[in-house]
Amino acid sequence: MAQVFKRWIPAAVAGVVVAGVAAAVPLAANADPGLPSKTPQEVVALAANSSVTAFSGTVEQTSDLGLPSLPGGVGSGSSGSGSSGSGAGGSGDAASDAASSALELLTGTHTARVFVDGPDNLRLQVLDQLAERDVIRQGDSLWLYDSQKQTALHATATGTGSSAPDALPTAPGETATPEQVASKLLSALDPSTDVSVGGDVTVAGRSAYDLVLTPQATDTLVGAVSIAVDSETGLPLRVEVTAKGAGDPAFTTSFSQLTLAKPSSDLFSFTPPEGTAVTEKSVDVAAAADRAAAARAAHASGAAAASGAGDATGSDSTGSDAAHRPVVTGSGWSSIVELPAGSDSAALTSSPLLSQLTTAVDGGRVLSTSLLNVFVTDDGRVFAGAVPAGSLEAAATASAAATPVAPAPSE
Amino acid sequence: MSRSDAEGAAAASAGRQTNAPVPVPLTPARGAGAGAGRPSAGWALMASELSVLFRRKRTVVMLLALALIPVLVAVAVRVSSAGSSGRGPAFIGQISENGLFVALVALTICIPLFLPLTVGVVAGDTIAGEASLGTLRYLLVSPVGRVRLLVVKFVAAVAFCLAATLVVVVAGVLIGAALFRVGPVTLLSGDTIGVGDSLLRALLIAGYVTVSLLGLSAIGLFISTLTDVPVGAMAATVVISIVAQVLDSLDQLSWLHPWLFSHYWLSFADLLRQPIEWSSFGSNALLQLGYVVVFGALAYGRFASKDVLS
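These protein sequences, in sequence, are chains A and B. Numbering-wise (my numbering), the first sequence opens with residue 1 and increments by one. Numbering-wise (my numbering), the second sequence opens with residue 412 and increments by one.
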């Protein structure tokens, strides 16, 4: 019997070893690096003076906003069938694409590779299963490539101005890299935010300071934002946004792997492959800068998700007339973005997926998540912000009162 | 002839004469000890195992069936010529522009069901098949150590994984080249690489898929040691592969996903990015290694301690 027992020893050992390795590796990765302590101001300065201009890395973005997870491919599937239709419905397709990609942002996990070389060269690859979406920016030229739909969009900045590259969107609505989100958050720091330094953390194998931003405002859904700032270079490595009263972050974007080397320059030159439907588009710098400013203001409200939605809808409104510009009311964490009625909001209201996720309230429908609320009024205006739904409804009422041109729904 | 050999032979002949199941004794079999002096015996066994496996009609039929899938895909696309409707498996729209994509589409179709099915049949048959035919005893008294037999059986199953994957890829490339034009291949990232480069990547993908199937082979080997009914072991292995994939598609179990042997099966596409994303290759290899170690040890525990009655 002892003989028989002995033969099972390797099985037991193998199980223990495999379990041990699996448990030990993450522990080792999270070991306290023991950095010299710094004040919050020093860490903010470290991040602001970050000297990193070229790097390549992998970014993981996770959203857990309390929405039901969508089965894989629902969004892309519906948009895929849409894009196969005739070109006549192009704008409607684009709008519903934008809606579904905004929705995609609010659920699940995305992995992206980022290659950056200076301010002008960027390549972002969103790694989907058996597919990929690419953003390639080189100077004033920007390509968006979707391998599944075999489409490419080529945007070139028109007009002059040093801010031309900034006017181009740098990321599709779905993914925001830690350093993009962090720079927007840090540039909008104001006294309404309590800044402190948490314990040292390790992200992507690098030791980092954990900068914790806690909004003082009571009327925001954001509980805390934690930014891991690389101790050597000041590059933000991770951003976590936690909803008020929640334990786990509702939104995380984090480097899982990072190399501070100049990426190969081939990566930034893009020629659309044969068989790709290419859309050419020129971006008016002035109008785009306005939109970018509004988007930045929205980012500053702390809900990176909110502005993602704003970007996704805003980036498709080629008409740059003033009526379609987003309006920001309020300030800081509790600011509210208003999109006037238009084709963009029509996509939001007409999407069957969205209408399932929203709940009807007096005067419209509300998409409610732990970090962000979106209120779509019956007349098509969209209000979004990291604030309770009640504040959005109040803002909608106030906005309707201020602009009597928009007919109020008859009661 | 060593003493243990004589004992084993005696036990076997006793079994034949009385026509009653006589357990192959655990201790005197010492095949590992006896065989260790003759390493050539292991290679001879490996060679005979491989030739038995690949000359078996069932194996040939399974490989032919796998080769049929790229052929069907290519012919269907060629005949319909309806263009891409935006539906169907990934890459199918690219076939009409580049025949090399037939191999990828076929692999994408085979990975969830057909490859696990055939691998399950081979891996589930390893020990249980010998047991059901009554040849297991003779193998063990020949003498072959139980460890050695287990290793040989596992290697043969791995060889089948490689053969099955290569059959799909090679058949796909050949039929694609026959029916469609072949040219530079567009990667997922939108970059284009030459034909030679893309054939290299196709081989890399075949390697990736083979590695992906190692864990399932080890599971099949272990299940095969549990029973004398090969069909049961095959079915159980296939069912496990399907259950793993179902679990992998449930978002509520996302904590479990990195531990499922099927989790990285479709990540072979990471080899089609520019630059190649190696991390999934590494994670996949590590995961499969873990499965091989655990289930290999379990199979050893079971096989080395069980009474071989048939």
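Everything labelled a hint here was simulated from the structure, so no lab data went into it. C-beta: ideal position from N, C-alpha, C; glycine also. Be aware that one or more of the hints could be misleading.
[What the hints assert, rightly or not] Here are some of the chain B residues that sit facing chain A, going by a computed Cβ distance under 7 Å: (1) Ala478; (2) Ala501; (3) Ala574; (4) Leu577; (5) Pro669; (6) Leu671; (7) Ala680; (8) Tyr711.
[Unchecked claim] Now the stretches of chain A that chain B is said to cover, found in silico as 3 or more residues with beta-carbon under 8 Å: (9) 123 to 134; (10) 269 to 281; (11) 328 to 334.
When the nearest CB of chain A is found for Ala680(B), is that gap smaller than 7 Å? Hint on Ala680(B): holds, closest Cβ of chain A at ~5 Å, below 7 Å.
Going by Cβ atoms only, is Ala501(B) closer than 7 Å to chain A? Given a least distance of 4 Å, the restraint on Ala501(B) holds.
Can the hint on Tyr711(B) be confirmed by a CB-to-CB distance to chain A that is less than 7 Å? At 6 Å from the nearest chain A Cβ, Tyr711(B) passes the 7 Å test, so the hint holds.
Answer holds if the nearest beta-carbon of chain A is closer than 7 Å to that of Ala478(B); otherwise answer violated. With a minimum Cβ separation of about 22 Å from chain A (threshold 7 Å), the hint on Ala478(B) is violated.
Once the shortest beta carbon distance from Pro669(B) to chain A is found, is it less than 7 Å? 9 Å, violated
Coverage of the stretch 269 to 281 of chain A by chain B, judged on three or more residues with CB within 8 Å: holds (count 7)
How does the coverage statement for the stretch 328 to 334 of chain A fare against chain B, requiring three or more residues with Cβ below 8 Å from a Cβ of that chain? Since 0 is below three, the answer is violated.
Does Ala574(B) pass the interface hint, meaning its C-beta sits closer than 7 Å to a C-beta of chain A? Cβ of Ala574(B) sits 24 Å from chain A, so the hint is violated.
Next item in the hint list is Leu577(B). Is there a CB on chain A closer than 7 Å to its CB? 21 Å, violated
Test coverage of the stretch 123 to 134 of chain A by chain B using CB-CB distances below 8 Å; three residues minimum. Contact hint for the stretch 123 to 134 of chain A vs chain B: holds, 7 residues under 8 Å.
Does the CB of Leu671(B) sit less than 7 Å away from some CB of chain A? At about 13 Å, which exceeds the 7 Å cut-off, the nearest Cβ of chain A leaves the hint on Leu671(B) violated.
Checked against the numbered hints given earlier, the structure breaks hints 1, 3, 4, 5, 6, 11 and satisfies all the rest.
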